[in-house]
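*Asks:* Take a look at the letters that make up each chain.
Number of protein chains: 2
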Amino acid sequence: SWVWRAPPPGPVWEEENFQGKRCEFVVECPNIMERGFQKIRSIKVENGPWVGYEYPEHQGQQFILEKGDYPCYQAWSGNSSYRTEHLLSFRPIKCANHTDSKMTLYECEDLQGRSFEICDDYPSLQGMGWCSKEVPSIKVNSGVWVGYQFPGYRGYQYIFERDRRQGEYKNYTEFGTQAHTNQIQSLRRVQH
Amino acid sequence: SWVWRAPPPGPVWEEENFQGKRCEFVVECPNIMERGFQKIRSIKVENGPWVGYEYPEHQGQQFILEKGDYPCYQAWSGNSSYRTEHLLSFRPIKCANHTDSKMTLYECEDLQGRSFEICDDYPSLQGMGWCSKEVPSIKVNSGVWVGYQFPGYRGYQYIFERDRRQGEYKNYTEFGTQAHTNQIQSLRRVQH
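So the sequence lines, in the order shown, correspond to chains A and B. The opening position of the first sequence corresponds to residue 75 in our numbering, with each subsequent residue numbered one higher. The opening position of the second sequence corresponds to residue 75 in our numbering, with each subsequent residue numbered one higher.
Because the hints were derived from the structure by calculation, they are not lab data. Just so it is clear, the structure is predicted and the values come from calculations on it, not from any experiment. Incorrect hints may have been included.
Claimed, not checked - No more than 30 Å apart at the CA atoms, straight line, and that leaves these computed lysine-lysine pairs for DSS-like:
id	chain 1	residue 1	chain 2	residue 2
1	B	K244	B	K207
2	B	K176	A	K118
3	A	K207	B	K95
4	A	K244	A	K213
5	A	K118	B	K207
6	B	K118	A	K244
7	A	K207	B	K113
8	B	K207	A	K95
9	A	K118	A	K176
10	A	K207	B	K168
11	A	K113	B	K213
12	B	K113	B	K176
13	A	K168	B	K207
14	B	K207	B	K168
15	B	K176	B	K244
16	B	K244	B	K213
17	B	K118	A	K207
18	A	K176	B	K176
19	B	K176	B	K207
20	A	K176	B	K118
21	A	K118	A	K95
22	B	K176	B	K213
23	A	K213	A	K168
24	B	K118	B	K95
25	A	K118	B	K244
26	B	K176	B	K118
27	B	K213	A	K118
28	A	K213	A	K176
29	B	K118	A	K213
30	A	K113	A	K168
31	A	K95	A	K113
To be verified - According to the in silico footprint, chain B covers these stretches of chain A (three or more CB under 8 Å from chain B):
id	region
32	139 to 147
33	196 to 208
34	226 to 236
35	253 to 264
Note that the Cβ used here is the ideal one computed from N, Cα and C, for glycine as well.
The task is simple: from the sequences and hints, build the whole structure.
*Replies:* See below:
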């Protein structure tokens, strides 16, 4: 059977600034500690995008990793309230092209209430007419999206994918294991 | 003579979570302390975008403020390495529409070397083919842009405007008073 395989993301290091023990993985890595690492503190993403997680088994805070240099945790975090100083698990994500990305926001949980379809990046959802700082539920019609707690792509990050949960995120507990509110004030597409 | 006047940004507060002393300003505010405030720790932006600054007279770290709720400094910072816990000056910015925004990146300082014209958002400049994690100089042809130190719109923010410096940013000291490198790994447009 055919298995989609992402290109290798590029090397990761145990210490900041691309120092210390180094490894490359070519498929999902559910627990970097099983490979003899204590943590990952710097990354060069050569083929993206991947998602990095605070804890093993893709648990905890999630961080979108697109092509580029991440010399320290500040580079992936963008969240100054809750520091995640190293990453412990990784997986590739399979994106659509920007022009094919589409998602629907719902006014209530369980994909209920009035809805709004988007197919562009929104640094401010309120700026485009969404009347709340919260998004109670989401249906991803295609592609991969990142939602953020604050305007301008800041604060907690949530990865929303067509290929997980049939694209349905019915309440904030499905946004991520670290989510404790449905506050989402900016949203953007991810592409290769 | 005609003076462009931005709509009022919305109220600002001395304490987090929209508490404490409150004020609204309708034009540029070069120093909030001159109005009897110690600092600004939360903001509701009703009409954006504005730029908030770490220090008076639009000095220090700069933060793009688009429509939405900023209950605490984490909401505007997105920079976990260097905390700016309050803002002391503000000014409105005058944007183009997304479709009219255009800028040119140069391989060398002083707008020299090979150049690359962009008119879209780039969460990863390296992902679109820019071969370095640095952008030595920039010419804004139209609109307002935000550059970020790291991929995915993270780290230090730099506001680039057509209406300032004739849109020319010839080296990193012109990016902002806090800039100490020319590292820019993501770039996006700002619009009303």
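*Asks:* Look at each hint and say if it fits the structure.
*Replies:* Hint-by-hint comparison with the structure:
1. Between the alpha carbons of K244/B and K207/B the distance comes to roughly 17 Å, so the proposed pair stays at or under 30 Å and holds.
2. Distance restraint check for K176/B and K118/A: the Cα-Cα separation of roughly 29 Å lies within the 30 Å cut-off, and the hinted pair is therefore satisfied.
3. This hinted pair checks out: K207/A and K95/B have alpha carbons roughly 23 Å apart, not beyond 30 Å.
4. As the CA atoms of K244/A and K213/A are separated by approximately 8 Å, the hinted pair is consistent with the 30 Å bound.
5. Distance hint between K118/A and K207/B is fulfilled; the C-alpha atoms sit about 11 Å from each other, no more than 30 Å.
6. Taken as a hint, the K118/B and K244/A pair is honoured in the structure, with Cα atoms around 28 Å apart against an allowance of 30 Å.
7. The straight-line distance between the Cα atoms of K207/A and K113/B is roughly 24 Å, inside the 30 Å bound, and the hint therefore holds.
8. Among the hinted pairs, K207/B with K95/A is consistent with the structure: their alpha-carbon atoms are about 23 Å apart, no more than 30 Å.
9. A hinted pair counts as satisfied when its Cα atoms are at most 30 Å apart, and K118/A with K176/A qualifies at roughly 29 Å.
10. At most 30 Å may separate the alpha-carbon atoms for a hinted pair to count; K207/A and K168/B meet this at roughly 24 Å.
11. In summary, the hint linking K113/A to K213/B is not supported, as the alpha carbons are separated by about 40 Å, beyond the 30 Å threshold.
12. Between the alpha carbons of K113/B and K176/B the distance comes to roughly 35 Å, so the proposed pair goes past 30 Å and is violated.
13. Restraint check for K168/A and K207/B: satisfied, since their Cα atoms lie roughly 24 Å apart, inside the 30 Å limit.
14. Restraint check for K207/B and K168/B: satisfied, since their Cα atoms lie roughly 28 Å apart, inside the 30 Å limit.
15. Distance hint between K176/B and K244/B is fulfilled; the C-alpha atoms sit about 17 Å from each other, no more than 30 Å.
16. A distance of roughly 8 Å separates the Cα atoms of K244/B and K213/B; the hinted pair therefore holds under the 30 Å criterion.
17. For the hint pairing K118/B with K207/A, the CA-to-CA distance comes to about 11 Å; that is within 30 Å, so the pair holds.
18. Taking the CA atoms of K176/A and K176/B, the gap is about 25 Å. The hint holds against a cut of 30 Å.
19. Distance check on the hinted pair: K176/B and K207/B sit about 20 Å apart at the alpha-carbon level, within 30 Å; holds.
20. Restraint check: the Cα-Cα separation between K176/A and K118/B comes to about 29 Å, which is no more than 30 Å; the hinted pair holds.
21. With a CA separation close to 14 Å, the supplied pair K118/A and K95/A stays within the 30 Å bound.
22. Between the alpha carbons of K176/B and K213/B the distance comes to roughly 9 Å, so the proposed pair stays at or under 30 Å and holds.
23. For the hint linking K213/A to K168/A, the alpha-carbon distance of about 17 Å falls within 30 Å, and the restraint holds.
24. Taking the CA atoms of K118/B and K95/B, the gap is near 14 Å; set against the 30 Å cutoff, the hint holds.
25. Taking the CA atoms of K118/A and K244/B, the gap is near 28 Å; set against the 30 Å cutoff, the hint holds.
26. Proposed proximity of K176/B and K118/B is supported: the alpha carbons are some 29 Å apart, at most 30 Å.
27. Annotation: proposed proximity of K213/B to K118/A holds, straight-line Cα distance about 28 Å (limit 30 Å).
28. Taking the CA atoms of K213/A and K176/A, the gap is near 9 Å; set against the 30 Å cutoff, the hint holds.
29. Under the criterion of a C-alpha separation no larger than 30 Å, the hint pairing K118/B with K213/A is consistent with the structure, at around 28 Å.
30. Restraint check for K113/A and K168/A: satisfied, since their Cα atoms lie roughly 25 Å apart, inside the 30 Å limit.
31. With a C-alpha separation of about 10 Å, the suggested pair K95/A and K113/A falls inside the 30 Å cut-off, and the hint holds.
32. With a cut-off of 8 Å between beta carbons, the region 139 to 147 of chain A has 8 residues touching chain B; three or more are needed, and the interface restraint holds.
33. As drawn, the region 196 to 208 of chain A meets chain B at 6 residues by the rule of a beta-carbon pair under 8 Å; at three or more, the given contact holds.
34. Counting residues of the region 226 to 236 of chain A whose beta-carbon sits less than 8 Å from any beta-carbon of chain B gives 4, enough to reach three: the coverage restraint holds.
35. Coverage of the region 253 to 264 of chain A by chain B holds in this model, with 4 residues showing a Cβ closer than 8 Å to a Cβ of that chain against a need of three.
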